[in-house]
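Student: Taken in order, these protein sequences are the chains called R and Y. Just so you know, our numbering puts 135 at position 135 of the first sequence, and the rest follows in order with no gaps. Each number in our numbering corresponds to the 1-based position in the second sequence with 1000 added.
These are calculated hints, taken from the structure and not from any lab test. Note that this is a predicted model, so its numbers are computed, not measured. Certain hints may be false.
As the list claims (entries may be wrong) - Cβ-to-Cβ under 7 Å is the rule here; a few derived chain Y residues that face chain R: (1) Asp-1015; (2) Asp-1019; (3) Tyr-1026; (4) Ile-1030; (5) Arg-1062; (6) Ser-1069; (7) Asn-1101; (8) Lys-1144; (9) Thr-1145; (10) Ser-1147; (11) His-1151; (12) Leu-1152.
Unchecked claim - Cross-link-like lysine to any residue pairs, in silico, SDA-like; alpha carbons within 25 Å at most: (13) R/Lys-147 x Y/Ser-1031; (14) R/Lys-403 x Y/Pro-1110; (15) R/Lys-296 x R/Glu-421; (16) R/Lys-147 x Y/Ser-1162; (17) R/Lys-78 x Y/Tyr-1026; (18) R/Lys-403 x Y/Gln-1123; (19) Y/Lys-1171 x Y/Tyr-1148; (20) R/Lys-147 x Y/Arg-1158; (21) R/Lys-403 x Y/Arg-1158; (22) Y/Lys-1002 x R/Ala-46; (23) Y/Lys-1002 x R/Arg-47; (24) Y/Lys-1144 x Y/Lys-1171; (25) R/Lys-26 x R/Leu-256; (26) Y/Lys-1002 x R/Gly-48; (27) R/Lys-353 x R/Cys-366; (28) R/Lys-78 x R/Gln-114.
Unchecked claim - Footprint (simulated), chain R over chain Y, 3 or more residues, beta carbon under 8 Å: (29) 1110-1123; (30) 1154-1168.
Where is the CB? At the ideal position from N, CA and C, for every residue including glycine.
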Amino acid sequence: MGLTIAEKIFARHLLDTPDPEHRVLKLDRVFCHEITTPLAINDLAARGWDRVFDREKIKAVIDHVSPAKDGKTALQGKILRDWAGRQGIDFFDIGRNGVCHALFPEKGFVRPGQTIIMGDSHTCTYGAFGAFAAGVGTTDLEVGILKGVCAFRSPRTFKIEVTGKLAPGVFAKDLILRIISLVGTGGATDMIIEFTGEGIRRLTMEERMTLCNMAVEAGATSGIVAPDEETVGYLWPFIRDDWESPAQALEAYRGLHSDPDAVWEKTLAVDAGALEPLVTVGYKPDQVKTVRELEKTPVDQVYIGSCTNGRIGDLRAAAEVLKPEVGRGRKIAPRLRAIVSPATTLVFHQALKEGLLDIFMEAGFCVTNPTCGACLGMSNGILAEGEVCASTTNRNFQGRMGKGGMIHLMSPATAAATALEGFIVNSRLYRGREIEK
Amino acid sequence: MKDFNGPVLFLDRSDINTDEIIPARYLNEISREALKPYLMEDLKLPAFSPEALPGRRAVVSRRNFGCGSSREHAPWALEVNGIHIVVAVNFARIFRQNMFNCGMMAVELPENQIEEIFQAFSQKETLLETDLPRRRLTFSSQGKTLSYDFHLSDFDRRLLESGGWVEFAEKNY
């Protein structure tokens, strides 16, 4: 019987089988941020175990509230900063930080075949590189830091085969929203979603990260994409000393690919070519409609950013919608405010160099520092009671971006078009106009 | 081992998420006790008010309980309010693991049994008794009693007996 990529990674990292249902794995990476780690740090210190299993394998960042907004968040940052210093752990403070799931891949810390945990549910993002990456709570994180191990139920894989090519104006975000609507919020619970097929091979690493990022919204433990030329191309600057050539790296990574006779728990086929721009309604990420159906829904705030859609490709897609309009002197709709939050310092800098921030600012966007802030209602763009946000983030839970606030999830291009009109609208309208000119 | 018995709180909806159990605006707290007043502050359900929380020792809900954020603040907020057991059709993976990692229980029962429990008890003051050695939950109210067998893996049992994952891992790995 063949194995899936997840089963191969599990087999290579197996430390213990405490019962037939569970596997204890050795970890290659433990990533930490300032919200969920301080309690683990304090608990370890209180137990007299202020140590780490391997400082090279642990990385830490301040991202959720960056910079600190009050005394309490400053203390969280301080606990993490002091600990990283004390233990000799790579630490990314404000000014050189970013939203964790955008920052750590950018730094080259994520590799195919790794096991990765972090005290953050969107850790599944790293599956884009062919890693098994799972969000965990603070206790799992604490044991990960101390022992370099974590327990999971045996992996069962949900194979989602994507055919076709996304049409212009349709993005990876639309694809994952459609997949979540088909699978349901709990449809992949305790499973690993393997995204496969020619529709996936066509996607950039950033697009694959958007896809894997939201696997948890269907309940999945991790998303995963088998490493290919695209993966090696992205990683090459970081792995060039490990391999003689990209071809050699690719050959080695191929050993991880799911076997042809692997056993799948569930399967689903999706035609990317048949998709159109999508948006969520209500308070669950599986409640999805087409932008056409929701057109003219007014919004109070537009937010472009987060670990889902705050990377350079996302900012380019949004700026592309805005640029011709800004060129005509147009601004965002008068009674609406819009925020763009580049996901990392590097993305911010790149957007600055490419003139993207000029476009956003001329359109009337507020450009913020990299932070998770508004996505989970902690800082930098919280909604007031009764307000509606068009957002490129990952969760539309009731009150998530602020008590009594409502969220429509969408792609950066749809969000940019929505900012111009003041209500939800298809970004293709703007593409059409550009072609006419 | 923690106490898994007492008055039940019924939450009659699927997909109760961890933002609803404890909103992110309280994640700047660095002690579990500080979370106590904020449990389920944002939860909007027709028959629910946070005033119903004091004295509750167990929660019964529907499908996919604890979905969303990985925040262990959700089990902690339950714990500091005296709730150590949640019974549902199924759980989001991270929430379920967090419960057992803290020495608490997330018990899965089939949908028809959960439906029966809601039908029989959700409008009444109900007590839950947990018989861990026999793996049996007993709900009772005004003379009516229903019992259900549940599955507990050997690993989860050992987590409960150890007091949590930190203690278990320190001893075994």
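Student: Now tell me if each hint is right for this structure.
Tutor: Each hint, compared with the structure:
1. Asp-1015: holds, 5 Å
2. Asp-1019: Hint holds; Y/Asp-1019 Cβ to chain R Cβ min 5 Å, cut 7 Å.
3. Tyr-1026: With a closest approach of 10 Å, the Y/Tyr-1026 hint is violated.
4. Ile-1030: holds, 5 Å
5. Arg-1062: Since chain R brings no Cβ nearer than about 10 Å to Y/Arg-1062, farther than 7 Å, the hint is violated.
6. Ser-1069: Interface hint status for Y/Ser-1069: holds (5 Å vs cutoff 7 Å).
7. Asn-1101: holds, 4 Å
8. Lys-1144: It is violated, given that the least Cβ distance between Y/Lys-1144 and chain R is near 30 Å, above 7 Å.
9. Thr-1145: This interface hint is violated because 30 Å lies over the 7 Å limit.
10. Ser-1147: violated, 24 Å
11. His-1151: violated, 9 Å
12. Leu-1152: Result: violated, 10 Å to nearest chain R Cβ.
13. R/Lys-147 x Y/Ser-1031: holds, 23 Å
14. R/Lys-403 x Y/Pro-1110: Answer violated: R/Lys-403 to Y/Pro-1110 is near 33 Å, above 25 Å.
15. R/Lys-296 x R/Glu-421: With a Cα-Cα distance of about 9 Å, the restraint between R/Lys-296 and R/Glu-421 holds, given a limit of 25 Å.
16. R/Lys-147 x Y/Ser-1162: Between R/Lys-147 and Y/Ser-1162 the Cα gap is close to 17 Å, so the pair holds against 25 Å.
17. R/Lys-78 x Y/Tyr-1026: holds, 18 Å
18. R/Lys-403 x Y/Gln-1123: Not satisfied, since the Cα-Cα distance of roughly 28 Å exceeds 25 Å.
19. Y/Lys-1171 x Y/Tyr-1148: At roughly 33 Å apart (the allowed maximum being 25 Å), Y/Tyr-1148 and Y/Lys-1171 break the hint.
20. R/Lys-147 x Y/Arg-1158: Holds, at about 18 Å.
21. R/Lys-403 x Y/Arg-1158: Since the Cα atoms of R/Lys-403 and Y/Arg-1158 sit roughly 39 Å apart, the hinted pair is violated (cutoff 25 Å).
22. Y/Lys-1002 x R/Ala-46: Distance ~21 Å between Y/Lys-1002 and R/Ala-46 Cα, so the pair holds.
23. Y/Lys-1002 x R/Arg-47: holds, 20 Å
24. Y/Lys-1144 x Y/Lys-1171: violated, 43 Å
25. R/Lys-26 x R/Leu-256: holds, 17 Å
26. Y/Lys-1002 x R/Gly-48: holds, 24 Å
27. R/Lys-353 x R/Cys-366: With Cα atoms ~18 Å apart, R/Lys-353 and R/Cys-366 stay inside 25 Å; holds.
28. R/Lys-78 x R/Gln-114: violated, 29 Å
29. 1110-1123: That given contact is violated, which follows from only 0 residues of the stretch 1110-1123 of chain Y lying within Cβ reach (below 8 Å) of chain R.
30. 1154-1168: Satisfied; 6 residues make the cut.
The structure does not agree with the numbered hints 3, 5, 8, 9, 10, 11, 12, 14, 18, 19, 21, 24, 28, 29 stated previously, though it agrees with the rest.
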